[in-house]
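These protein sequence lines map, in sequence, to chains A and B. Residues in the first sequence are numbered consecutively from 1, following the working numbering. Residues in the second sequence are numbered consecutively from 1, following the working numbering.
It is possible that some hints are incorrect.
As the list claims (entries may be wrong) - No more than 25 Å apart at the CA atoms, straight line, and that leaves these computed lysine-lysine pairs for DSS-like:
#: 1; chain 1: B; residue 1: K63; chain 2: A; residue 2: K3
#: 2; chain 1: B; residue 1: K63; chain 2: A; residue 2: K237
#: 3; chain 1: A; residue 1: K242; chain 2: A; residue 2: K3
#: 4; chain 1: A; residue 1: K3; chain 2: B; residue 2: K111
Claimed, not checked - Going by beta-carbon spacing under 8 Å, a handful of chain B positions derived as facing chain A:
#: 5; residue: F22
#: 6; residue: F23
#: 7; residue: V24
#: 8; residue: T48
#: 9; residue: A71
#: 10; residue: P80
#: 11; residue: E88
#: 12; residue: E93
#: 13; residue: E100
#: 14; residue: E102
#: 15; residue: G103
#: 16; residue: G145
Said to hold, decoys possible - Ranges between beta-carbon positions, derived for each pair:
#: 17; chain 1: A; residue 1: L29; chain 2: B; residue 2: T132; range: 26 to 34 Å
#: 18; chain 1: A; residue 1: A27; chain 2: B; residue 2: H6; range: 51 to 59 Å
#: 19; chain 1: A; residue 1: L29; chain 2: B; residue 2: I169; range: 51 to 59 Å
#: 20; chain 1: A; residue 1: S85; chain 2: B; residue 2: D164; range: 44 to 52 Å
#: 21; chain 1: B; residue 1: I169; chain 2: A; residue 2: S85; range: 26 to 34 Å
#: 22; chain 1: A; residue 1: F181; chain 2: B; residue 2: D13; range: 37 to 45 Å
#: 23; chain 1: A; residue 1: L118; chain 2: B; residue 2: T132; range: 48 to 56 Å
Read the hints as simulated data drawn from the structure, not as lab findings. Every residue gets a Cβ at the ideal spot worked out from N, C-alpha and C, and that includes glycine.
This is what each chain is made of:
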Amino acid sequence: MHKVLAIVRRELIAYFSSPLAYIVLTAFLLMQGCIFYLVVAFANEPGGPPNAPLHFFFGGFFFWLFLLFVVPAITMRLVAEERRSGTIEVLLTSPLSEGQVIAGKFVAALLFYLFLWLPTLVYVLILATYGEVDPGPVAAGYLGVALLGFLFLAVGVLMSTLSKNQLVAAILAFAALLFLFIVVIFDDPRFGSTIQAVASHMNVVDHMDSFKLGIVDTRHVVYFLSTGTFFLYLATKALEVKKWR
Amino acid sequence: MIEVEHLSKVYVDVPVVDDLTFFVPEGQVLGFLGPNGAGKTTAMRMITAFLPPTRGRVVVAGKDLDRDPVALRAQVGYLPENIPLYPEMRVDEYLRFRAEVEGVSRSDARKNLDYVIERCMLEEARGQIIGTLSKGYRQRVGLAGALIHRPPVLILDEPTVGLDPNQIIKIRELITELGKDHTVVLSTHILPEVEQVCERVFIIDRGRIVADGTPDDLRSAKGVRPAVLVELRDANDDGHSALADLPGVREVEDRGDGRFRVEHETGTDPRESIFRLAVERGWVLLEMSVAMTSLEDVFVRLTTQERPEPPAEPTEEE
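From just these sequences and the hints, can you work out the full model?
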């Protein structure tokens, strides 16, 4: 555990000493600021649907678009860079298991991701100052964001172990996440009942939907956590095989 | 300290390391000498539990690679070729990270940090960012990282590659110093390095140990004959044949300008007869000395015996 924490700390140092982190952070906040403006403008319209602001903030088009870019940017470096520079050799000749390395890197990525979202709490505060905020749905929304991050970052970590090139890792992660996002098109009887059923279970948008409505359904919680863990397991196995190639 | 039995690594039917068996006692400084692609790095990566062997057994400081690779890793300090480091970290930050990852307790970490910084002469560079350091400093940071958990065994892959002559001398001195209280295995393709630093040498070629002994043993190994260097004036025409006819002489090499290299049987000394020959023929003997057989001769002889190109080690590219 102590060793995993050491890796987490090192990764966080690496994040905050690279310009990429600040670019992602700035772009993310700019984007969220725009969305917030839209949300407020939209919510001011008389006769708007209930829950509309949350719906938009935790699951609008821009929300997804942005996550599809931000997550690969966060994860691409994690393992790919270690393999490119050879530091993985130093790391894995220390008394560490591959699982500990993946765990440390993943936790660091998750912390960085949550850090990205942290400033958006200011919006909640602003809203609470000028109006009423229902804390339940907001908390559910943030829980959904965290769980979604868990799954997406796990996919990103896996893709980062598959290539020594950060750009390739990022593109692989983007493609995989995009697939999870558009898998909904297979949720159609024309593809046969099996494919339809699988696609409907895999559809992340569906799993996220209830959170943004303020509902915490354990099925979705389990979906995010189990699938994410599965991808982390794959990443560990991939690292065992790929580390010296 | 290090026991290796029938260690092999096969990449798609090509053995890169082929049935290595050896034992390194505690405190020995051992050199792996071999041409590029001989399998030195692959062998080291298996001994450090980075690369799983195809076959064979490795035991380091009582820890078996098969049974507990993580415990084995704790016994070994490893410096890979090209010293991979994290360029964005500061030196002490990096070393503290290495200590944590190696499982050094918090109370020992501080002590060990001071120890390796002193040992590797890194005082001035403590707070510097690794990416800004010179190659020589990076090498020392790498070594410090390998030493941070005070392992009984140090494995260094090409520790002097890419350094300038002054830095090379410093690193060699440091390795010699470390050899006093560590078991050290280092690889190199630079011969003088082995002669200076190592008590024992393996010459490795195509994944096999082709010679094993002290640098002196290897120099007197069979296949390399002693020789005398002679410089004569006025002996240009018949010098070669006259020298070749002397008793005990095997071969004479004419190096031009009256200089000859006279190879003779082990146990004979042709110097007296060369002197008498020169007197008899009226040649002037300008110089005569015993040629030092260098490891280079042994190395060349052992690693270039009519063989096809050795298989390349897997490259770093995908």
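Status of each hint after checking the structure:
no.	hint	result
1	K63(B) x K3(A)	21 Å, holds
2	K63(B) x K237(A)	24 Å, holds
3	K242(A) x K3(A)	22 Å, holds
4	K3(A) x K111(B)	19 Å, holds
5	F22	20 Å, violated
6	F23	21 Å, violated
7	V24	18 Å, violated
8	T48	4 Å, holds
9	A71	7 Å, holds
10	P80	5 Å, holds
11	E88	4 Å, holds
12	E93	7 Å, holds
13	E100	3 Å, holds
14	E102	5 Å, holds
15	G103	5 Å, holds
16	G145	7 Å, holds
17	L29(A) x T132(B): 26 to 34 Å	31 Å, holds
18	A27(A) x H6(B): 51 to 59 Å	56 Å, holds
19	L29(A) x I169(B): 51 to 59 Å	53 Å, holds
20	S85(A) x D164(B): 44 to 52 Å	23 Å, violated
21	I169(B) x S85(A): 26 to 34 Å	28 Å, holds
22	F181(A) x D13(B): 37 to 45 Å	44 Å, holds
23	L118(A) x T132(B): 48 to 56 Å	32 Å, violated
Checked against the numbered hints given earlier, this structure breaks hints 5, 6, 7, 20 and 23; the rest are met.
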